[in-house]
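Spelled out, the chains give:
Number of protein chains: 2
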Amino acid sequence: MELEFLGTGAGSPAKFRNVTAIALKLLDEINSIWLFDVGEGTQHQILRTNIKPRKIDRIFITHLHGDHLFGLPGFLSSRSFQGGDKTGPLTIYGPKGISEFVKTSLRISQSKLSYKINFVELEDEGIIFENQRFVVSFKYLDHRIQSVGYRIVEKDYPGELLVDKLHEKGIAAGPIYGKIKSGASVTLPDGRVIDGKDYIGTPKKGRIVTILGDTRQTPNILDLAYNADVLVHESTFGKGESKLARNYYHSTSVQAANVANKAKVRTLLLTHISARYVGSLVNKLESDARNVFANTKVVRDFDTFEVKFVNKHEDE
Amino acid sequence: MELEFLGTGAGSPAKFRNVTAIALKLLDEINSIWLFDVGEGTQHQILRTNIKPRKIDRIFITHLHGDHLFGLPGFLSSRSFQGGDKTGPLTIYGPKGISEFVKTSLRISQSKLSYKINFVELEDEGIIFENQRFVVSFKYLDHRIQSVGYRIVEKDYPGELLVDKLHEKGIAAGPIYGKIKSGASVTLPDGRVIDGKDYIGTPKKGRIVTILGDTRQTPNILDLAYNADVLVHESTFGKGESKLARNYYHSTSVQAANVANKAKVRTLLLTHISARYVGSLVNKLESDARNVFANTKVVRDFDTFEVKFVNKHEDE
Ligand SMILES: [Zn+2]
Ligand SMILES: [Zn+2]
Chain W
1 MELEFLGTGA GSPAKFRNVT AIALKLLDEI NSIWLFDVGE GTQHQILRTN IKPRKIDRIF
61 ITHLHGDHLF GLPGFLSSRS FQGGDKTGPL TIYGPKGISE FVKTSLRISQ SKLSYKINFV
121 ELEDEGIIFE NQRFVVSFKY LDHRIQSVGY RIVEKDYPGE LLVDKLHEKG IAAGPIYGKI
181 KSGASVTLPD GRVIDGKDYI GTPKKGRIVT ILGDTRQTPN ILDLAYNADV LVHESTFGKG
241 ESKLARNYYH STSVQAANVA NKAKVRTLLL THISARYVGS LVNKLESDAR NVFANTKVVR
301 DFDTFEVKFV NKHEDE
Chain U
1 MELEFLGTGA GSPAKFRNVT AIALKLLDEI NSIWLFDVGE GTQHQILRTN IKPRKIDRIF
61 ITHLHGDHLF GLPGFLSSRS FQGGDKTGPL TIYGPKGISE FVKTSLRISQ SKLSYKINFV
121 ELEDEGIIFE NQRFVVSFKY LDHRIQSVGY RIVEKDYPGE LLVDKLHEKG IAAGPIYGKI
181 KSGASVTLPD GRVIDGKDYI GTPKKGRIVT ILGDTRQTPN ILDLAYNADV LVHESTFGKG
241 ESKLARNYYH STSVQAANVA NKAKVRTLLL THISARYVGS LVNKLESDAR NVFANTKVVR
301 DFDTFEVKFV NKHEDE
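Chains W and U, in that order, give the protein sequences.
Counted from 1, the first sequence has number 172 at position 172 by the working numbering; the numbering is strictly sequential.
Counted from 1, the second sequence has number 66 at position 66 by the working numbering; the numbering is strictly sequential.
Just so you know, the hints here were simulated from the structure itself, not pulled from any lab data.
Take these hints with a grain of salt, some might be off.
Treat identical chains as interchangeable: a pair holds within one or across any two.
Calculated pairs, DSS-like style, for lysine-lysine (alpha carbon to alpha carbon, straight line, at most 27 angstroms) [as the list claims (entries may be wrong)]:
hint : residue 1 : residue 2
1    : K112      : K96
2    : K112      : K15
3    : K112      : K243
4    : K55       : K165
5    : K86       : K15
6    : K96       : K205
7    : K297      : K96
8    : K15       : K52
9    : K239      : K205
Predicted, not measured: the structure shown is a model, and the values here were computed from it.
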């Protein structure tokens, strides 16, 4: 599970930052990649990574502003062109209007894709996707246009079978291990009865990643971010600009740090950085936030971040 | 008058070539820049040039395929964002559908521009723009989707007043020079009558630039390109691939060279180069065309080309 930032700028593409796109790589977990927002030039950025477009099978749009959206038709076309007939279907989640935008773009450009697109337009807050490994839900934020935050929750991993302990007790490997692992009470061939639960390690907590669209401060952020391993939060403004941020429906780096604190997240990644912030100004943006929440990082284009399990995390 | 190639690739953005966009810089002539096609990432390419988006006041789209179109909404938004209130209106010419695409993109992304867009959807072949200095016309080409070629004709410059000759004849400078320059018959203060035409140099021929959209070979190319100083022609395929080119509604470099010959153009610039052509293969594409039409060049991203006056041209 890895985040790769394909665009970390605000509003317009700038020299050092493209407009927003974030890849959540779930290759080890479910052999797919999810994309959050697709600003113009996202397919160009992908060309500079090892991401295969056909691996991207879900796209989550946070809001329909151009800097989060205008790369979508081009990405969809190239995904078809590059992947050929082997390319699987793709699901796009986003606010109402996402379907009309994509369909109009593809119809007028007469783009015929080699795969099917499934649209999910967001309405009621809550779960929008669930499989054996992940649950994704969303809540509304507070931006000039309807904007949402996504919470991606990995389900807990059941504990490992304690094979050493079984060996100690003289219980040999075989189909019986499956029964023991299910946690049931099991009668052994020699007549002993054991409780499967005694032979299973502690379950491993799944990871939580929260990715927010552009927003000013609003209580839903806390719900979305609660206990997250990683919170990706916009930081269009700097310390002392909270009034400006409020007027423009954005946040400051310090506001993001405060919410990271309250929500007890482990890591805060700040993105959607204005072109005004370059060089030492970026460091300032970061250090101001770190004074409030130490584990903060302002991300740059092509930064990758491994989302580690908590246990591992604490070891280090 | 200068051409700057912002994207010279075919279909999808590739490592060395972005998708199509061409700037025709008319800064000395009318202080504006015209854009021909706006593939995705055109605004990113512009960031790497000295082109000011607000100087671009006309955009001509050759056809609505994504690789010529998908950069338009983003460019329009950034032009508004960067230029502020000083930004003047902009006219977009293109096949039917261009207006719906742009309007839908701007409406769904809630982009409010600081300037007005005027749409001209192409119908009957012929003149679509004329001012004191230029005439632009279009004709249909032969592509899978409706595609056009544009012919930009600079009007001839009237001859210069032959001041030396006037001095020789003892005719002093004054308001009378204006009358002489109009070419009329003029009565001098001393009673002599002279013919203004005798004191005007030869008029300077205006320049002609022809920019074609994607196309397979069709007679209209000859009309569009006739006598052009520069013909910009697609070259998606190489020598020996004319059958492929025909099937995919494209042209080969040799076909382009042949039409350049027949149309008596001065310079042939080949663009829309497939990502298959890199390194020596590009040289081959070019030399095959040069065997037919010597003054041929395969352009690369950011190549600029000054369109010179014929007289100057012949001097060199
Ligand atoms: Zn934004
Ligand atoms: Zn094309």
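Practice problem: Taking the numbered hints from earlier one at a time, note which ones the structure violates and give those numbers from smallest to largest. | Solution: 4, 6, 7 and 9
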